[in-house]
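Protein chains in written order, with this note's numbering: chain F, 1 to 433; chain C, 434 to 621.
In short, the hints are calculated from the structure, not lab data.
Remember, it's a predicted structure, so these values are computed and weren't measured experimentally.
C-beta: ideal position from N, C-alpha, C; glycine also.
Hints are supplied without guarantee of correctness; some may be wrong.
Restricting the straight-line Cα-Cα distance to at most 20 Å, the calculated cross-link-like pairs of lysine to aspartate or glutamate (EDC-like) are [said to hold, decoys possible]:
no., chain 1, residue 1, chain 2, residue 2
1, C, 598, C, 537
2, C, 598, F, 307
3, C, 511, F, 373
4, C, 598, F, 373
Only some residues are given here: those of chain F computed to face chain C with a beta carbon under 7 Å [as the list claims (entries may be wrong)]:
no., residue
5, 125
6, 162
7, 277
8, 281
9, 286
Each chain, written out:
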Amino acid sequence: MSFPWANDYKPSHPFMQWMDSRLPLPRFVYDAIGAGYPVPRNLNYWWNFGFLALICLGLQVVTGIVLAMHYAANAGIAFDSVEHIMRDVNWGWLMRYSHANGASAFFVVIYIHIFRGFYFGSYKPPREMVWLLGVVIFLLMMATAFMGYVLPWGQMSFWGAKVITGLFGAIPLVGEPIQQWLLGGFAPDNAALNRFYSLHYLLPFVIVGVVVLHIWALHIPGSSNPTGVEVKSESDTVPFYPFFIAKDGWAALAFLFVYCAVVFFAPNMLGHPDNYIPANPMSTPALIVPEWYFWPFYAILRSFTFDFFFIPAKLMGVLAMFSSILIWFFLPWLDRSPVRSGKYRPLFKKFFWYGLIPSVLVLGYCGGSHAAEPYLMMSQLAAFYYFAHFLIILPIVSSIERPDPLPFSITESVLGHDDKAALGGKAALGAAA
Amino acid sequence: MAQDAGLATPEMDAGDGVRRRDFINIAAVAAAGVGGLATLVPLISQMAPSADVLAESSTEVDISAIKPGQAIKAMYRKQPLFIRNLTPAEIAAANKVDVGSLRDPQTLDERTKEGKTNWLITLGVCTHLGCVPLGAGEGEVKGEFGGYFCPCHGSQYDTAARIRKGPAPKNLEVPEYVFNSDTIVKIG
Chain F
1 MSFPWANDYK PSHPFMQWMD SRLPLPRFVY DAIGAGYPVP RNLNYWWNFG
51 FLALICLGLQ VVTGIVLAMH YAANAGIAFD SVEHIMRDVN WGWLMRYSHA
101 NGASAFFVVI YIHIFRGFYF GSYKPPREMV WLLGVVIFLL MMATAFMGYV
151 LPWGQMSFWG AKVITGLFGA IPLVGEPIQQ WLLGGFAPDN AALNRFYSLH
201 YLLPFVIVGV VVLHIWALHI PGSSNPTGVE VKSESDTVPF YPFFIAKDGW
251 AALAFLFVYC AVVFFAPNML GHPDNYIPAN PMSTPALIVP EWYFWPFYAI
301 LRSFTFDFFF IPAKLMGVLA MFSSILIWFF LPWLDRSPVR SGKYRPLFKK
351 FFWYGLIPSV LVLGYCGGSH AAEPYLMMSQ LAAFYYFAHF LIILPIVSSI
401 ERPDPLPFSI TESVLGHDDK AALGGKAALG AAA
Chain C
434 MAQDAGLATP EMDAGDGVRR RDFINIAAVA AAGVGGLATL VPLISQMAPS
484 ADVLAESSTE VDISAIKPGQ AIKAMYRKQP LFIRNLTPAE IAAANKVDVG
534 SLRDPQTLDE RTKEGKTNWL ITLGVCTHLG CVPLGAGEGE VKGEFGGYFC
584 PCHGSQYDTA ARIRKGPAPK NLEVPEYVFN SDTIVKIG
């Protein structure tokens, strides 16, 4: 699993030795996130976001369990119980604001984590499984976040639930029965609220399970790094503890600083005021929008305003929205370039910064706006680019691109030379060029 | 024969090429599999609408107070229901439209009961993304075609609640209903 030079766990205390021969849990931790796990020495700040995501998950689980002690999942009193948490429960406001903004923070972190993967080619062999499990975690996060947003049973909760479950109604023939089965009724009501609550409590623990698999799969080849050159020798790595734990700790501090600033000084900045109006099935809010982290996908959903051959526009929008994430599952096989890191891929880099990033930002902006022109046209163009990026541009770029020369090793990229380099590394490449 | 098979060692076949152990193995896995699948029936169907939800799935509405040109909003299956008493002018406007030119071609007669063409009963649920259209309440915007207007994404419905403009794919849904009497209509 690990590199041959990884530190071996040697418990000195008799109790730890006794433990090690019966339940080697400390050894497991030592090898996974301790001094027994060598990581590349050149990891930059983008590599802190996996750890930050873990912090967010912990934060959400703890604040969520506390909220569950005071919340009532009943359509008649759910809204009031949330207000009860805000006004009457000791520190309830802090728990709720931490949880609501924790979800946003989690998505900020996870989006950076995902785009780190896009740019540095973290999905490439031998780490395809790490990537696939990551996409599964992201899908679970989306489901969890959506159902959590329904729980306060405000106007946006109700109409969000109605629109999203209505998507299943677009499926031919079985759509309507599926929708009624999902809701346990003809429209979102008590049955739907209860099951969403049950699943909102369950899914985070499923996420924890898949995170364990994600880290397990990562530790087989070891962490990737900004050069994309695999670890070759001991001089390329440092032990995870104390070196990278310290850097993660510093990143966590910086992250919590920003997070706390939002929780304490702008707790409703990312929320929608309509969700402070109790759910009313007889009146629709003027603008139904999901939380900001779903805006790009919502824009893709709404960008299909025309029938596509025999597929109706609504179904097409639903298919496109789900495909926009499912396409990530195929990424390791769409990008055929043998060079992992975008740093050494001049053409890929251009499409990443001037194509993919702007298209996602435009989609996000349009998804939060009214479904009218010019936003429809903008989201159609951006959605077209988004799909083209993965299905057309990546395969073509990876076959025609001439990558920049790679460093011989991680050590060389850090120190400028590596004694083990057969041809003298960069110097030899420079002479050849 | 059966007795012979019973005395044979498990590896020996029963005479017809079927080994006794294979048979038991397949039978056991099949029984456990069918039993396991059977437990899915209650686990899945518990999520379907429950008896109390289904019990409320039909509604009776008194329509005697609705004058021509007026409409009311009622609640049907926890969703808004529009009941509209069309004026002769509105009926004429609906019948004047070339049905072939519609996105979801239907005549007013197909959307109402015989002899009661003035009673237009539809769900108040926009077929685009499920918003509640305006036009049933007093003083609400009725849109370009004098029917209903959805404020969410601008779908416009005519006086037969047929989609005429905007993103919605279908006409407002006409639920199942019967006239119990001239003044009581039972929906669902």
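A quick look at each hint next to the structure:
1. For the hint linking residue 598 of chain C to residue 537 of chain C, the alpha-carbon distance of about 11 Å falls within 20 Å, and the restraint holds.
2. Between residue 598 of chain C and residue 307 of chain F the alpha-carbon distance is near 15 Å, which keeps this suggested pair within the 20 Å criterion.
3. The suggested pairing of residue 511 of chain C with residue 373 of chain F is violated, with an alpha-carbon distance near 33 Å, which exceeds 20 Å.
4. With a CA separation close to 15 Å, the supplied pair residue 598 of chain C and residue 373 of chain F stays within the 20 Å bound.
5. The criterion of a C-beta within 7 Å of any C-beta in chain C is not met by residue 125 of chain F, whose closest approach is roughly 37 Å, and the hint is violated.
6. For the restraint placing residue 162 of chain F at the interface with chain C, the shortest Cβ-Cβ distance is roughly 5 Å, inside the 7 Å limit, so the hint holds.
7. The restraint placing residue 277 of chain F at the interface with chain C is violated, with a minimum CB-CB distance near 14 Å, outside the 7 Å limit.
8. Annotation: interface hint on residue 281 of chain F holds; nearest CB of chain C at approximately 6 Å, less than 7 Å.
9. Annotation: interface hint on residue 286 of chain F holds; nearest CB of chain C at approximately 6 Å, less than 7 Å.
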